[in-house]
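> Residues per chain, in single letters:
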Amino acid sequence: MAVLEAVGLTKHFLGRRGIFGGSSGTVRAVDGISFAIEGGQTLGVVGESGCGKTTTAKLVLGLEAPSGGSIRFEGHDLQALDPAGRRHYRKSVQAVFQDPYASLSPRMRIGAIIAEPLVTNESLPAEEVRNRVRKLLDLVGLPEHAAELFPHEFSGGQRQRIAIARALALSPRLVVLDEPVSALDVSIRAQVLNLLRDLQAELGLSYLFIAHDLAAVAHMSHTIVVMYLGKIVETGEARELSRAPKHPYTQALFSAALPSHPDERREEIILQGEVPSPLNPPAGCRFHPRCPHAMPRCGVEEPVLTDVEGHLVACHLFDTEACHSMRV
Amino acid sequence: MSNSILSFASSEHRRPVAAPANRPLLELRNLSTHYISAQGTRVVRAVDDVTLSIDAGKTLGIVGESGSGKSTLALTILRVLPQAAHIVGGQMLFEGEDLVQKSDAEMRQVRGKRIAMILQDPMASLNPLFTVGDQVAEPIRVHEGATRTSAWRRAIDLLKAVRIASPETRVTQYPHEMSGGMRQRIVGAIGISCEPRLLIADEPTTSLDLTIQAQYLSLLRDLQREHGLALIFITHNLGIVAKMCDQLAVMYAGRVVESGPVSRIFNVPAHPYTEALLNSIPRMGDNRKRLTAIEGQPPNLASLPRGCAFAPRCNVAFDRCRVDAPPSVDLGDGQAARCWLAVPTAAAVAAQAGAV
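Heads up: the protein sequence lines correspond to chains P and R, in order.
Residue numbers are given in numbering that gives the first Met the number 0: position 141 of the first sequence equals residue 140, and the series is strictly consecutive.
Residue numbers are given in numbering that gives the first Met the number 0: position 182 of the second sequence equals residue 181, and the series is strictly consecutive.
In short, the hints are calculated from the structure, not lab data.
Take these hints with a grain of salt, some might be off.
Now the in silico label distances, taken between C-beta atoms and shown as ranges [said to hold, decoys possible]:
1) S69/P x V79/R: 53 to 61 angstroms
2) P311/R x R265/P: 43 to 51 angstroms
3) G144/R x R106/P: 51 to 59 angstroms
4) G298/P x E94/R: 51 to 59 angstroms
A few chain P residues that don't get close to chain R, going by computed Cβ distances all over 10 angstroms [as the list claims (entries may be wrong)]:
5) G14
6) P82
7) A83
8) M107
9) N120
10) P142
11) E143
12) P258
13) H292
Quick look at which bits of chain R chain P covers, simulated, 3 or more residues with Cβ under 8 angstroms [stated by the list, open to error]:
14) 36-50
15) 229-239
16) 256-265
17) 268-280
18) 292-305
As the structure is a prediction and not an experimental result, all values here were calculated from the model.
Yeah, the Cβ is synthetic: ideal placement off N, Cα and C, and Gly gets one too.
Just chain R, with the same shape it has in the complex (with noise of 0.2 angstroms):
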């Protein structure tokens, strides 16, 4: 079944390939990854026509509630998902090469060596039964062949490129012998243990405290500056995206509802899903000033609303909203939007553009 289902993705080539020279280095075309159930019979759009692209050596943000599909879309990158989810359509281009064509054992090859993953929780990603030393050395191991005596020398190394005090003890012990913060340093030393060209962290903070989370930020941000790593943030905390990212992706329901460069859209967002969210946050300075909530729950991916599945709870939808989905529409300088509310200024950005 899923071979059907990667021949239709590979018939749909919707635009050329752009030159390599300005080539992004992953780029996301309609993808889309279903959970369905094993009757066939409830489908789950987890991820839904996602189309997103990162440069080398930037970061990427992508932020959204739980349910919205943004852990989804980083397990279809690595294609490591559960076996109930399917890739049912889209291109993964990284490097030029389609993700969604490659099989299992060349993606092993990607995995771990071209694109790595920090995940979460440092020590459900830790093995607690082996040291320090050889969980970092294993992938050196795996993927460059290195001996067991210089891939132990260049976990020595990376512990050292990721301030952990006297990393020639520290690969002798266990994980239960550190501190959080200290884990999630050497679940980042694996990240980038075979010099990866992107590194996914999926909520790499939330379990530190906030001045281990500034340490583990910074300590990030100087190993994409060092080794010209591409990032992508998987977030709920816009905080991060304003601190970390230079372009933001903002998910709701399985779909990218805005994306574009972080500045515009902190400054213009153009879906009223994101501006709620940033009024949403309480800022340092305004104190006691009521704050503009969101009213309503996040939807459930599995009985979604017809059109807009923001519609319900936006308060300036209207009747097209509730019928239609709408398209993404290209706002210029990189700013995409999914709203009918932002065609008329698409139309206007076109129009001086002298493109229609």
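Pulled out of the complex, with its shape left as it was, chain P reads as follows (with noise of 0.2 angstroms):
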């Protein structure tokens, strides 16, 4: 069973009001979208600025509520929980953010760092506290005695293995990690990623991944989602939707995707302008305006998910009265 599921999902916020008080409309962060994490692997979530992915995060991790649409956690709705059940809920799923300067407090010592989900939620002995962080640092690879120091003295790869220690102190079944390697350095991300399937392999954790570095996510991820001004446009097992993307805009990503090898010739498909504002979407597929093999139809008509060859793709190119030969 599916550890966490979203279905209809749906944010939107209200536009900032002008100066003459009229409402200048909604933003439509994140518009229906349904997706499903099943226990000890990764769903990737790949996107532009705008295109909703943290909007997704922070509903997953219960910091915006949603507009319609439910989230589902162990089979239950996290709308209709009790206090308890929420509090089970908060527990199981946790973070780790992408700036480790940021998310970690200076004046805290590691140890009270770590331990404070610990304090808050638990009451445990001082002396069980203690051993728990000890644990922790070792699951991070860190030596014991970082418990004593303050975060200056790590540097951006270290804290951010102690944000994992933090986020993994209530032995969470979901952790959500937003760009979690973005902001180290090159020789550090491969120690960080590789620190986080070891963890994954060991304590049978789910992840929910964001990051804008198309390999790092196929790289980390069981399955993928592809999110386009608020919108899936095309879901599928990584390996699969990474080696042959199907929607238009998927095939435009992956191959603005750097290559890993200058011997490596890809086609080159540069969209034309850039993502338009989610206050005012285009009508239809909101990518026509920039899909390189848009029809009439794609303007007035929303394409639905339907399955291609193994995976959900939102396009009309793929609906099964187009012609085949429309296929690209």
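Two independent chains are provided; combine them into the complex using the hints.
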């Protein structure tokens, strides 16, 4: 059974009021998306700024309430949980953020930072807390005496290890990783990605992995979700999807990913224009103004996710009635 | 004080000047830039004995982690260093003239006109209080003494050249009215406004989205082709190097540890750091294979270990690496590496060529 399941998840933000009081519309940050995260697996979310991936993370973490749709955790709808159930949920879902320089308090010792979730959520004797902190430090590959030090005494990679230890303090089932290696040096990224993979294998964790580095997402994920302007345009098994993307946007995105070798030659698809404002998304398929394969019907009718060779793709090119010669 | 440093630099002629016919556009010879504390007690060797060259119309990638000295190297070439930094040795031959020897007034004739630079954050490099047109026209008015109206007309043409839609209205707008990708194009337009020979781009696409990055990189490549620009890409991203560059220099702790043609370095890296770096990046095809991580942390430039700076993280280091810093070894075909392990290879190459 899926650890976490989102069904028709929607988040609209009311636009800022103008100086004369008129409302300036609704930002449809996340618009009816559905996905499932299986136990011990990683769901990767990719997309450009404004596609709604961070809002999705916030919804999963319970930092924002959905405007529509639901999130089910271990089979229970979050909105319907009683206070005890919500406490259990908050303990079971933890997060690691992008910038370990901002996410660790500079005034707290590492021991206190890692112990904080334990102290606030569980009443444990001090000795037991110290033991748990020691175990967590060991788990993320830091020495025991690190507990006595302050964040400024650590490098970026080590700080991210501390943030991971804190996230694991309450033995969560799901960890939301929002760009966990983007702020780190290239030679350190592999260390942290390997650590995350080892922890997943050891503890059976599920990850929601959000990053703009496609190769890192493809490397870490079992399933990938591609988002554009608040919608899922394609989702499927990670290796399949990164090898043979179907949706024109996914194709452009993966062709824009940088090569790992100078001899690697890919078809280059350069998209024109930029992502439109989510305040006023295009009618029909939201990608159609930039799409190299757009047809008249794309501007009118919104495509739905349909099964194409094992992926779900939202594109009129793959509709059953669309002629197969149109395929790319 | 700076004068004595400069005269020391000029006395250091190690190699005869090459014939102008095959002369590189920019040649750095044994260049060193150090940050020296006010009392002169602490020295950080941010750029240390760097020898590199770039030919006209070509692209050189300089990769390194934070603190490897790659940005200081860019600032050194333009001579826009912070106060504590001093060029303590070496030469920078640009079209045959040594930039290290130039006066500040002479450097102002070079900056923006013959060598231009694009920085990482377009919002920080554009002035929010001036229109885009004013800012694109400024170098043209300063360097070419163009009139306001003719410089303004040129600004419109430049915006067209960097593929900004409806340039006539965009020139009158302010930076905040544009998206990140558009702002970075405007910085690019300022860069090429005086037809420079060399453009230095310091992490130009780090703040851009993937598809916008692809647009910008293809724009830079077109501009390079149309204007015969030489490009120096400073980046931490080996993917950008693989896509854009002809030559590559890998920096570690202030030194160039390996340099040479891009395809050669990607296929047969000679320095263990380069090799480890190439193995540590995830590749699109090989999902869920374990990455080869480089253990340890990048070194602190203020307290470098003796010998080779990479030795503490190197898994093939031996005794000599921890005592003596390796020299730069020529491996043939333009490839050079600073590693003791490369020394026997170099000897073999030299013997084959009959040079030794």
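> Are the hints correct? Go through all of them and say.
Against the structure, the hints come out as follows:
Take S69/P and V79/R: their Cβ atoms lie about 56 angstroms apart, and the range 53 to 61 angstroms holds. At about 38 angstroms, the CB distance of P311/R to R265/P disagrees with the hint of 43 to 51 angstroms. At about 56 angstroms, the beta-carbon gap between G144/R and R106/P stays in the expected band of 51 to 59 angstroms. In this structure the supplied range 51 to 59 angstroms holds for G298/P paired with E94/R, their Cβ-Cβ distance being about 53 angstroms.
Even its closest Cβ contact with chain R, about 19 angstroms, leaves G14/P beyond 10 angstroms, as expected for a residue assigned away from the interface. Listed as a non-interface residue, P82/P keeps its Cβ farther than 10 angstroms from every Cβ of chain R; the least gap is roughly 39 angstroms. At the 10 angstroms boundary, the C-beta of A83/P stays outside the reach of chain R, the nearest C-beta of that chain being 37 angstroms off. Look at M107/P: its CB is around 22 angstroms from the nearest CB on chain R, clear of 10 angstroms, so calling it non-interface holds up.
Every beta carbon of chain R lies more than 10 angstroms from that of N120/P, the smallest distance being close to 32 angstroms; the non-interface claim holds. Look at P142/P: its CB is around 14 angstroms from the nearest CB on chain R, clear of 10 angstroms, so calling it non-interface holds up. At the 10 angstroms boundary, the C-beta of E143/P stays outside the reach of chain R, the nearest C-beta of that chain being 19 angstroms off. The beta carbon of P258/P sits about 5 angstroms from the closest Cβ of chain R, which is not more than 10 angstroms, so the claim that it is off the interface is violated.
The beta carbon of H292/P is kept farther than 10 angstroms from every beta carbon of chain R, the shortest such distance being approximately 16 angstroms. Using a Cβ-Cβ cut-off of 8 angstroms, 0 residues of the stretch 36-50 of chain R lie near chain P, which falls short of the minimum of three, so the contact claim is violated. Here the stretch 229-239 of chain R counts 5 residues with a CB under 8 angstroms from a CB of chain P, which clears the bar of 3, and the coverage holds. Evaluation of the coverage hint for the stretch 256-265 of chain R: fulfilled, as 3 residues show C-beta separations to chain P shorter than 8 angstroms, against a requirement of three.
Counting residues of the stretch 268-280 of chain R whose C-beta lies closer than 8 angstroms to any C-beta of chain P gives 4; at least three are required, and the coverage claim holds. For the stretch 292-305 of chain R, the proposed coverage by chain P is satisfied: 5 residues have a C-beta within less than 8 angstroms of a C-beta in that chain, meeting the threshold of three.
When the structure is compared with the earlier hints, violations turn up for hints 2, 12 and 14 and for no others.
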